[in-house]
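Chains A and B are the protein sequences, given in the same order. For the first sequence, our numbering begins at 1 and goes up steadily by one. For the second sequence, our numbering begins at 1 and goes up steadily by one.
These are computed hints drawn from the structure, not numbers from a lab. Don't take every hint at face value.
Pairs involving identical chains hold if they fit within one copy or between any two copies, as the list cannot separate such chains.
Simulated pairs of lysine to any residue, SDA-like, Cα-Cα distance not exceeding 25 Å [said to hold, decoys possible]:
1. K43 to E138
2. K43 to D149
3. K24 to E76
4. K43 to L89
5. K43 to P151
6. K123 to V113
7. K37 to E137
8. K24 to P82
9. K123 to N110
10. K37 to E138
11. K43 to H134
12. K37 to E120
13. K43 to P187
14. K24 to L89
15. K208 to R36
16. K24 to P88
17. K123 to E137
18. K43 to D150
19. K123 to L111
20. K208 to T4
21. K37 to H134
22. K43 to E144
23. K208 to G61
24. K123 to R112
25. K43 to I3
All figures in this text were calculated on a predicted structure; none of them were measured in a lab.
Number of protein chains: 2
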Amino acid sequence: MSITLYTYFRSSAAFRVRIALALKGLSHDDIYVHLRKNEQMSKEFRDVNPQGFVPALIHNGHSISQSLAIIEYLDEVFPDPPLLPVDPLSRARVRQLACVVACDIHPINNLRVRRFLLHEFGKSENEVNGFMRHWIEEGFDALESLVRDDPQTGRFCHGDQPTLADIFLIPQIANARALDIDMERWPVLHGIEEAAYEMAAFVTAQPKSQADAE
Amino acid sequence: MSITLYTYFRSSAAFRVRIALALKGLSHDDIYVHLRKNEQMSKEFRDVNPQGFVPALIHNGHSISQSLAIIEYLDEVFPDPPLLPVDPLSRARVRQLACVVACDIHPINNLRVRRFLLHEFGKSENEVNGFMRHWIEEGFDALESLVRDDPQTGRFCHGDQPTLADIFLIPQIANARALDIDMERWPVLHGIEEAAYEMAAFVTAQPKSQADAE
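With the rest of the complex left out, here is chain A (with noise of 0.2 Å):
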């Protein structure tokens, strides 16, 4: 059993790998792809995973990529502890509050789209900030009324112990801290982060605690 991690500490999909292989006990070997000095466009890590994006991971020889596609393959091969609950409206809670950020923040707001509004926008940083900042708030207003208005929240998203849902908002918040957005205004997720924290995956797997930050 090896695996290897294509990871750059300030990928918030990486992140997400990070805290599902430290929730799991699993160790993995990293090999730093540095996006801002446009590692990702070498052959060599193309051939690992020709999208060009991290996360992407080595299990026996076999590459995977996508974060989500990453840590729902770990849960089905490393099923303890469970990332997802037992019976499906559960589970579909889960994936619906984890795809939020998956789908409808992140994307929106990665290096790829930064770099085109602006080099082929013209938009200043300022502006760009606040593209960003807007996607954010946006979803974090949605995943707020989620979480708040349904019983089984718990100390995470969905119960007391952290699942996919819980993986994909903290890399995000941690997103939103770097562009100084307050967290007051979503006092749930704020206490989901402080529940995160307190548990050692989460710390180690941040950015700040990886071998490539700077």
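Starting from the known structure of chain A, fit chain B onto it as the hints suggest.
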């Protein structure tokens, strides 16, 4: 057993769920939410989905949103025919392909981003269409490479029957065609599109087959 789908003919995320329901032979009552008239902002619909997005699916009184979460749910509750393969590595491959569309193409190109670029950033229709084409082409280049170079690809993205990957790909191709993108550049994806429209499920699920089509 009752299924209600909140849908809009133009929504490519709703198109995905319509395909999944059709493949599984599940009948459903449709409620049309006209996105361009902003019906998704109504209090009535916000009570169904606080995020204000279609699709939302009600099954036996329980509401689920986010197309990926809905389709995984349908596949767990109505497993025949399966939309995911059996072994974890193949499941990861199918989810990875679906996520390229779900996370890296579609979110950057939907109505609310389009509106932001037009109205907040003052971009022209032409510029915004160029922005959309850029992400579709980049994503399709990655997808084409992933399916072309893998012997697991068959008539569909994974084998000879449609999976989650095709359910996400086909609506994105429809969006590409609406932007006059020529699919000849991606011969494998183009072949999968042709295979899909030989099946009634894809034909009945497409935008122009819907009762709310204009």
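Going down the list of hints, with the structure as the test:
1. K43 to E138: between (37 Å within a copy, 16 Å between copies)
2. K43 to D149: between (48 Å within a copy, 15 Å between copies)
3. K24 to E76: Answer is both; intra-copy 12 Å and inter-copy 24 Å each pass.
4. K43 to L89: Between. Shortest inter-copy distance 24 Å satisfies the 25 Å Cα cut-off; intra-copy 42 Å does not.
5. K43 to P151: For K43 and P151, only the inter-copy Cα distance (21 Å) is at most 25 Å; the intra-copy one is 49 Å.
6. K123 to V113: Both, since 12 Å and 15 Å are each at most 25 Å.
7. K37 to E137: between (29 Å within a copy, 23 Å between copies)
8. K24 to P82: Classified as within: same-chain Cα gap 8 Å, cross-chain 28 Å, threshold 25 Å.
9. K123 to N110: both (15 Å within a copy, 20 Å between copies)
10. K37 to E138: Classified as between: cross-chain Cα gap 20 Å, same-chain 31 Å, threshold 25 Å.
11. K43 to H134: between (35 Å within a copy, 21 Å between copies)
12. K37 to E120: within (19 Å within a copy, 31 Å between copies)
13. K43 to P187: between (45 Å within a copy, 23 Å between copies)
14. K24 to L89: Answer is both: 24 Å inside a copy and 18 Å across each meet the 25 Å cutoff.
15. K208 to R36: Answer is within; shortest intra-copy Cα gap is 16 Å, inter-copy 43 Å.
16. K24 to P88: Answer is both; intra-copy 22 Å and inter-copy 17 Å each pass.
17. K123 to E137: both (20 Å within a copy, 23 Å between copies)
18. K43 to D150: between (47 Å within a copy, 18 Å between copies)
19. K123 to L111: both (14 Å within a copy, 20 Å between copies)
20. K208 to T4: For K208 and T4, the Cα distance is within 25 Å only inside one copy (20 Å; across copies 46 Å).
21. K37 to H134: For K37 and H134, the Cα distance is within 25 Å only across copies (22 Å; inside one copy 27 Å).
22. K43 to E144: Close across copies (17 Å), not inside one copy (42 Å); limit 25 Å.
23. K208 to G61: Result: close neither inside a copy nor across copies, 29 Å intra and 44 Å inter.
24. K123 to R112: So K123 and R112 pass the 25 Å test inside a copy (14 Å) and across (19 Å) alike.
25. K43 to I3: Answer is within: at 21 Å inside a copy they meet the 25 Å cutoff, but 48 Å across does not.
Hint violations for this structure: number 23 only, all remaining hints satisfied.
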